[in-house]
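Build out the structure end to end from the sequences listed, making use of the hints.
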Amino acid sequence: MTAQEVRLCGLLLQEHFGNVVEKVGTHLIRSGVLTLRALAHETKLPLDLVKKSLCVLVQHGMCTFGAGRRGPAGPVEYRINCEHIFHMLRYPRYIYTAKSLYGDTGELIVEEILQRGQMTMSSTVKTVADRLTHNMPEGQSMDYTGSSSSGAVDTPLPVATQPTEPESNPDCYKLPYINLTGQGKRRRSSEGGEAEQRAAKKARTDNSECGDDGIYWQVNFQRFHLHFRDQAIISAVSCKLDQTSSEIVRTMLRMSEVTTPAHAAFTQALSANEIFRALQSSYNIARPNLDQYLSLLVDDPMEFVGKTGDSGGGMYVVNLHRALANLARATLESVVQERFGSRSARIFRLLLRKRHLEQKQVEDFAMIPAKEAKDMLYTLLSENLVQLQEIPKTPDYAPSRTFYLYTVNQLPTARLLLQHCYKTVCNLIERRLYETKENKRLLEKSQRIEAILASLQATGAEAAQLTEVEEMITVPERQQLESLRHHINKLDSSENQVDETIFLLESYINSTKTSR
Amino acid sequence: MAGSRGRGRSQFTFSVDALGFGRGDSLPTSAQTPSPLFPPMQFRPVPLHAGEEVDYMLALKQELRASSKNLPFHIKAARTKTDVARYSDKYQNGEPKNNCIEWSPDWSRMPKELCIKVRKPRKTVIGAKPQLTRKPKVAAGKEEVLQKLETLEKREEEQHSEEEEDEEKKKQNDEEEEPDADEDYDEEEIEDETDYIMSYFDNGEDFGADSDDNMDEAVY
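Chains X and R, in that order, are what the protein sequence lines are. No gaps in the numbering here: position 503 of the first sequence is 503 in full-length UniProt numbering, and each next residue is one more. No gaps in the numbering here: position 10 of the second sequence is 10 in full-length UniProt numbering, and each next residue is one more.
Honestly, the hints are just simulated from the structure, not real lab data. Just so you know, not all the hints are guaranteed correct.
Said to hold, decoys possible - Below, computed lysine to aspartate or glutamate pairings styled on DMTMM-like, alpha-carbon distance capped at 20 Å:
hint: 1; chain 1: R; residue 1: K61; chain 2: X; residue 2: E107
hint: 2; chain 1: X; residue 1: K23; chain 2: X; residue 2: E77
hint: 3; chain 1: R; residue 1: K69; chain 2: X; residue 2: E22
hint: 4; chain 1: R; residue 1: K112; chain 2: X; residue 2: D48
hint: 5; chain 1: R; residue 1: K76; chain 2: X; residue 2: D492
hint: 6; chain 1: R; residue 1: K61; chain 2: X; residue 2: D492
Being a predicted model, the structure only gives us computed values, none of them experimental.
Here it is in structure tokens:
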């Protein structure tokens with residue numbers, strides 16, 4: 001774990017779970033694997049607090065435990081899963097995606113499970129139904145069809161089970177038989193995918209016995225990530241080519257959703273006939289046009305789509321790993337362009353394509369005067385975006401007899417940029433905490449006044465009283481509050497946006513790992 | 001090879017001008033301060049994305065952050081006791097205790113050593129507790145005194161302590177009777193399931209008895 005990753009994990013844990021869990025978590029990350037006693041001793045926290053923190057971390061899937069080095073007879077050892085902690089940064093994106101795919105119910109389900117780590121189906125249904133009926137007027141019972149939740153499960157998307165003993169529970173993947181008792185009447189629900197539960201507003205579900213104890217559901221982050229990757233590819237195609245090509249690529253990706261394993265480099269080969277049949281009729285793409293679009297996609301230098309055969313009108317695949325590599329390269333180029341200017345970006349792109357160039361060659365190919373080119377190259381070199389490769393003519397690396405070539409390696413540069421992104425998010429979080437702390441007094445005052453206003457309005461006070469209370473916050477204070485809110489919003493959305501870059505770079509780096 | 005070494009001695013593979021300084025010049029002075037904390041930026045950063053999606057995700061993020069503070073997963077260390085017990089401590093029972101857990105995980109999925117017994121607050125029975133605490137204290141005090149004093153005084157105090165124990169037993173009996181009385185009282189109330197205390201209820205049996213003497217008054 002790099003220093004920046006540890007720092008980011010610490011800040012995220014502190015934000016969601018408090019200082020105690022942060023202390024325990026960072027110590028465990030730094031030390032690798034530890035037993036409970038060792039952890040308590042080294043962090044100098046009371047044992048009960050350490051136990052509670054570990055319970056929280058295990059519940060959320062961020063900490064795994066197993067038999068230690070001394071075998072099953074020895075003490076249990078704990079290990080932190082840092083990837084999982086970074087996912088916390090992306091929770092809003094998951095929830096928003098669930099909302100766009102499955103509506104409000106899906107959104108609430110995902111939100112509940114994300115906040116609690118893992119839940120049984122019955123408790124999720126209960127909580128979500130309560131939240132949905134909470135916003136509805138009194139006296140109206142909710143026809144909560146579990147079909148939307150079953151839809152979320154059947155399409156192989158966000159929610160996956162984690163049963164305790166998968167071998168002995170073969171039908172744990174079916175929706176469990178839920179028997180909710182509400183208001184004295186028995187409401188039965190059928191088994192399987194057509195579960196329809198009526199949750200009345202005050203459903204007394206305290207004495208419900210659901211047959212799904214021990215079957216816990218978690219959010220399937222990998223499936224979400226695949227969806228984000230597909231979205232990124234489709235938007236890249238629509239930016240580079242046009243809307244119709246992006247729709248074709250979307251169709252291809254949708255068809256190969258279930259058949260392609262998670263880390264595959266290519267999707268399954270699809271024939272042009274299949275693609276034509278699967279295309280939605282609203283696009284109105286005729287068969288010869290489809291062939292033209294496909295050949296355009298194949299010829300594009302971005303290489304999103306490749307042709308692997310000629311049967312069935314042509315067999316086409318989407319090159320996932322290559323698409324990710326291209327997206328990462330575009331990110332790197334754009335970073336250089338925004339930091340150092342378009343001419344430095346030109347040099348960077350040149351070096352990416354031509355691999356190794358001498359200084360003179362760089363000046364010639366980039367068509368930039370020597371002095372400026374030298375300046376830009378040295379700036380990029382000092383930022384470590386460009387490396388020097390020495391090729392000696394003689395065994396002693398005498399400078400007069402060595403070629404010095406500039407080069408850019410995409411993978412190490414991507415890793416470097418990813419670390420910069422982590423550092424950025426850390427800085428953003430710390431700045432937000434600092435801003436909040438600076439204006440704590442003002443924020444507390446405004447909260448108190450809001451509470452007073454709310455209670456006054458509830459008891460039906462006059463407008464004069466309300467304005468009098470509102471005037472307790474002076475105008476400069478109001479301006480200060482407004483600017484504080486503006487700053488915090490900006491910092492928060494910056495975090496979200498940096499997280500998108502983090503996702504792209506992480507996916508690229510992971511794709512290179514598995515292809516070896 | 002030997003001959004050409006002299007001729008190619010001062011020829012580099014790159015042109016020396018490209019380096020920025022000539023032969024024999026001193027190297028450019030090196031900076032001896034750390035790089036600035038906020039270096040001036042050459043170009044302004046690109047503005048953030050805007051739009052409905054972005055606003056929705058921003059709102060989600062802030063909501064999640066606020067609500068996670070209220071969940072039982074947010075662990076705050078119990079406040080260490082300051083030197084002076086304050087009056088407000090009695091009213092601030094919201095502080096979590098270290099040795100209980102506010103939510104119930106599935107213990108079958110966690111290692112056994114993490115299990116924290118949830119201690120339910122014991123209901124205090126009236127009278128029993130002070131007795132229990134008082135008795136050992138009294139006994140301890142008695143032991144100390146016995147050890148210190150001589151035998152003659154010891155006898156007197158033995159008699160004294162016996163008397164005290166008798167008193168305590170009587171008190172205990174009294175207080176045990178009180179809960180019994182309370183229980184009887186409660187049973188009466190619970191039997192009829194009304195809000196009215198039975199002994200206050202006048203069921204009208206005595207109503208007509210007093211008015212037999214004065215037949216002149218009209219009955220309304």
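Do the hints match the structure? See the list:
Among the hinted pairs, R:K61 with X:E107 is consistent with the structure: their alpha-carbon atoms are about 14 Å apart, no more than 20 Å. For the suggested pair X:K23 and X:E77, the alpha carbons sit about 17 Å apart, so the restraint of at most 20 Å is met. A C-alpha spacing of about 14 Å is found between R:K69 and X:E22, which places the hinted pair at or below 20 Å, so the restraint holds. Between R:K112 and X:D48 the CA atoms are separated by roughly 13 Å; this keeps the pair inside 20 Å, and the hint holds.
Distance check on the hinted pair: R:K76 and X:D492 sit about 25 Å apart at the alpha-carbon level, beyond 20 Å; violated. Taking the CA atoms of R:K61 and X:D492, the gap is near 8 Å; set against the 20 Å cutoff, the hint holds.
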